[in-house]
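> Now for the letters of each chain:
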Amino acid sequence: MKTTSGWDANLAAEIIGRHKNTEGPLLPILHSLQEAFGYIPEPAEPLVAEALNISRAEVHGVVTFYHDYRHAPAGRHVLKLCQAEACQACGSDALAAQAESKLGVKLGETSADGRVTLEPVYCLGLCSVSPSAMIDGRIVGRLDAKKLEALIAETSR
Amino acid sequence: MSAPTGSLRVYVPGDAAAVACGADDIAKTIRDLAAKKNVAVQVIRNGSRGMHWLEPMLEVETGEGRIAYGPVEAADAESVFEAMLTTGGEHKLRVGKPEDHPFMKKQTRLTFARCGIVDPRSLEDYCAHGGYRGLNKALAKPANIVAEVTQSGLRGRGGAGFPTGIKWKTVADTKAEQKYIVCNADEGDSGTFADRMIMEGDPFVLIEGMTIAGIAVGATKGYIYIRSEYPHAIDVMNDAIRAARQGGVLGDKVCGSAYVFDLEVRVGAGAYVCGEETALLDSLEGKRGQVRAKPPLPAHKGLFGKPTVINNVLSLATVPIIMDKGAEFYKNFGMGRSRGTMPIQLAGNLNYGGLFETAFGITLGELVDDIGGGCFTGRPVKAVQVGGPLGAYFPRALFDTPFDYEAFAAKDGLIGHGGIVVFDDTVDMAKQARFAMEFCAIESCGKCTPCRIGSTRGVETVDRIMKGIERDKNLAVLTDLCNTMKFGSLCALGGFTPYPVMSALTHFPEDFGGAPRLEAAE
Ligand SMILES: Cc1cc2nc3c(=O)[nH]c(=O)nc-3n(C[C@H](O)[C@H](O)[C@H](O)COP(=O)(O)O)c2cc1C
Ligand code: SF4
Ligand code: FES
Ligand code: FES
Numbered sequence: 000m001k002t003t004s005g006w007d008a009n010l011a012a013e014i015i016g017r018h019k020n021t022e023g024p025l026l027p028i029l030h031s032l033q034e035a036f037g038y039i040p041e042p043a044e045p046l047v048a049e050a051l052n053i054s055r056a057e058v059h060g061v062v063t064f065y066h067d068y069r070h071a072p073a074g075r076h077v078l079k080l081c082q083a084e085a086c087q088a089c090g091s092d093a094l095a096a097q098a099e100s101k102l103g104v105k106l107g108e109t110s111a112d113g114r115v116t117l118e119p120v121y122c123l124g125l126c127s128v129s130p131s132a133m134i135d136g137r138i139v140g141r142l143d144a145k146k147l148e149a150l151i152a153e154t155s156r
Numbered sequence: 000m001s002a003p004t005g006s007l008r009v010y011v012p013g014d015a016a017a018v019a020c021g022a023d024d025i026a027k028t029i030r031d032l033a034a035k036k037n038v039a040v041q042v043i044r045n046g047s048r049g050m051h052w053l054e055p056m057l058e059v060e061t062g063e064g065r066i067a068y069g070p071v072e073a074a075d076a077e078s079v080f081e082a083m084l085t086t087g088g089e090h091k092l093r094v095g096k097p098e099d100h101p102f103m104k105k106q107t108r109l110t111f112a113r114c115g116i117v118d119p120r121s122l123e124d125y126c127a128h129g130g131y132r133g134l135n136k137a138l139a140k141p142a143n144i145v146a147e148v149t150q151s152g153l154r155g156r157g158g159a160g161f162p163t164g165i166k167w168k169t170v171a172d173t174k175a176e177q178k179y180i181v182c183n184a185d186e187g188d189s190g191t192f193a194d195r196m197i198m199e200g201d202p203f204v205l206i207e208g209m210t211i212a213g214i215a216v217g218a219t220k221g222y223i224y225i226r227s228e229y230p231h232a233i234d235v236m237n238d239a240i241r242a243a244r245q246g247g248v249l250g251d252k253v254c255g256s257a258y259v260f261d262l263e264v265r266v267g268a269g270a271y272v273c274g275e276e277t278a279l280l281d282s283l284e285g286k287r288g289q290v291r292a293k294p295p296l297p298a299h300k301g302l303f304g305k306p307t308v309i310n311n312v313l314s315l316a317t318v319p320i321i322m323d324k325g326a327e328f329y330k331n332f333g334m335g336r337s338r339g340t341m342p343i344q345l346a347g348n349l350n351y352g353g354l355f356e357t358a359f360g361i362t363l364g365e366l367v368d369d370i371g372g373g374c375f376t377g378r379p380v381k382a383v384q385v386g387g388p389l390g391a392y393f394p395r396a397l398f399d400t401p402f403d404y405e406a407f408a409a410k411d412g413l414i415g416h417g418g419i420v421v422f423d424d425t426v427d428m429a430k431q432a433r434f435a436m437e438f439c440a441i442e443s444c445g446k447c448t449p450c451r452i453g454s455t456r457g458v459e460t461v462d463r464i465m466k467g468i469e470r471d472k473n474l475a476v477l478t479d480l481c482n483t484m485k486f487g488s489l490c491a492l493g494g495f496t497p498y499p500v501m502s503a504l505t506h507f508p509e510d511f512g513g514a515p516r517l518e519a520a521e
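Note that the protein sequences, when read in sequence, are chains A and B. Numbering-wise (numbering that gives the first Met the number 0), the first sequence opens with residue 0 and increments by one. Numbering-wise (numbering that gives the first Met the number 0), the second sequence opens with residue 0 and increments by one.
Just chain A, with the same shape it has in the complex:
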């Protein structure tokens, strides 16, 4: 998973051009930008606005509305812990506390050394094998303290 990458106006323009002529192109463009850069770089917003003939404020409004879009690069690893009801029923609170104390960050924060971002997620559709997590895009079910310890160790690599 790419998490950081320098701003590249040409790449951004190429991405925008690729989706520009589809119906409702804004979300596909933002998804591709985030995939390429690891977040939505601010200088991309006016480029998108111009290409789609909408205001910059409108683009910014969309970027900030959706939880998925990042405004800054994430850590090198992203650990998401499901905090929704089916996972709560199986002990997700204690697992979140464990991760927070071991990593020294709260849910929603990135460690100071840029190593890891810890995030809550509200359901991964793995509610029958809960609690669940996602690490760098990989899904993990039947999470327990021991498995979480291994995921935390993975984030130091």
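Among the hints, a few may not be true.
What the hints assert, rightly or not - For lysine to aspartate or glutamate, the following EDC-like pairs were computed, each having C-alpha atoms within a straight-line distance of at most 20 Å:
| no. | chain 1 | residue 1 | chain 2 | residue 2 |
| --- | --- | --- | --- | --- |
| 1 | A | Lys146 | B | Glu437 |
| 2 | B | Lys35 | B | Glu77 |
| 3 | B | Lys286 | A | Glu57 |
| 4 | A | Lys145 | B | Glu437 |
| 5 | A | Lys146 | B | Asp75 |
| 6 | A | Lys105 | B | Asp23 |
| 7 | B | Lys286 | A | Glu41 |
| 8 | A | Lys105 | B | Glu72 |
| 9 | A | Lys146 | B | Asp24 |
Unchecked claim - Calculated from the model, a selection of chain A residues having no Cβ within reach of chain B, i.e. all distances over 12 Å:
| no. | residue |
| --- | --- |
| 10 | Asp7 |
| 11 | Ala8 |
| 12 | Glu99 |
| 13 | Gly136 |
| 14 | Gly140 |
| 15 | Ser155 |
Source of the hints: derived by calculation from the structure; they are not laboratory data. Remember, it's a predicted structure, so these values are computed and weren't measured experimentally. Glycine residues also receive a C-beta, built at the ideal position from the N, C-alpha and C atoms.
Put chain B with the ligands on the given structure of chain A with help from the hints.
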């Protein structure tokens, strides 16, 4: 199939629930072992049968049918493979024939008829298992599709339970150059995964259902809006759409007919409210996912202002079997105004979690105690949330409630998308009420004050109650807030958040510092 004849067919689910429990590694191990032992093995990444406590559940094809083993962990892979080589031989993890398992035998699988059985990426396999029979019957009498779907009694499986046929009729009757079919695959409710399972295990049934919808109402283009939390479903759906185009069941001449229909997957961006149909349409258009005021209905002015059918994955995936077997067949299952079957999702603290499709009418108690086997922690069940984060918490005293839209509404609850989340007696219901308010605050689209502000006030009020600060006064404030949200919100996010909150308060007052209710304590 392309594999050499005489090769052993081994099924290792590619369903996310199996993958999350190690299925990808096991598939690789099986392939490696086969190469090492020099035996011809074809590994098929099927969907899940729905017995999720047995995942990863591997199957091998034998002369007597498929024999399953599970749950297979990495350490068991080699010995299970050995057992498979002796045509389904003994092993401590041997399940036997999946269809003979009591959990499967008690079900009526209509929507999920093929899930876990077929290779989800093979159109050929889909057709060999009854796929496209519904569409071919629809093509024979296209003018009858809407009536057939209406007569089947099928109601929207996304939550609101609106009759699917009536929605389709409105779009069919609206004249326009361009119409759309939109599939709501946002499945944001905690405790639900049936949409995901269909997309990962039997994607062609959704494609077929959407195509039938297109033919019925005169739409040539469809979108499937899948939440970003479902990378596996997105992947399988995209592969299946490509295969469908290649196979001539999507595109310019659907199954050789004069009908045109094509599909595209669009990916959400992590907003629960985008499951609400009008917010979803705005999101597809590239806007903030804010709820639109109705009217106009999406059926009149939907995607890009054009008449649009928007349905849940399960609603659309049920249409092919209705067209194939007829409205009467489908309608004969169920109770009252809830016709047919419901794919119920058993989740949370249960021994036997998974997908259980059955006719409406089964009681909540049967589902939780008999089918689900109670809590895996071995503790008593205290509360069950039905219908996702906007659904009510049910105490054991209400376990005789039959699974039926009206019966649940009569108990101040809802069946929603059919998710059941079970909690044992360690749960603190005040904390659950607080979470319901918090979730509403996090996910509110911001359009109306009762939802946006009320939910934040709700969190603060529950906090005060939990701390014992002016308990009676704050309980009154909470009840008031819930009333304001219920009647003053534009959509069900703000409007239904009072369900989990008030049900927690009504059925479990002791968790809010009050005296226990007699029935709740039995
Ligand atoms: C906040 C909110 C979230 C919703 N989420 C979903 C969802 O994830 N999937 C879904 O099919 N319907 C969801 N719905 C219901 C849809 O608005 C709509 O009723 C449904 O897509 C219609 O399809 P159906 O008639 O086939 O159920 C949601 C509604 C609300 C208010
Ligand atoms: S109730 Fe909440 S989510 Fe629904 S429209 Fe109002 S503010 Fe938006
Ligand atoms: S609630 Fe955690 S995976 Fe669904
Ligand atoms: S029936 Fe299978 S391709 Fe048309």
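> Take the hints in turn and mark each one as holding or not.
Now the hints, each set against the structure:
1. A/Lys146 with B/Glu437: violated, 28 Å
2. B/Lys35 with B/Glu77: holds, 11 Å
3. B/Lys286 with A/Glu57: Distance ~8 Å between B/Lys286 and A/Glu57 Cα, so the pair holds.
4. A/Lys145 with B/Glu437: Distance ~29 Å between A/Lys145 and B/Glu437 Cα, so the pair is violated.
5. A/Lys146 with B/Asp75: holds, 18 Å
6. A/Lys105 with B/Asp23: Roughly 31 Å separates the two Cα atoms, so the pair is violated.
7. B/Lys286 with A/Glu41: Satisfied, since the Cα-Cα distance of roughly 18 Å is no more than 20 Å.
8. A/Lys105 with B/Glu72: violated, 32 Å
9. A/Lys146 with B/Asp24: Holds, at roughly 16 Å.
10. Asp7: holds, 22 Å
11. Ala8: holds, 22 Å
12. Glu99: Holds, because the least Cβ-Cβ distance between A/Glu99 and chain B comes to about 17 Å, which exceeds 12 Å.
13. Gly136: violated, 7 Å
14. Gly140: Given that some Cβ of chain B is not farther than 12 Å from that of A/Gly140, nearest at about 3 Å, it is violated.
15. Ser155: holds, 22 Å
Hints 1, 4, 6, 8, 13 and 14 from the list above are not met by this structure, while the remaining hints are.
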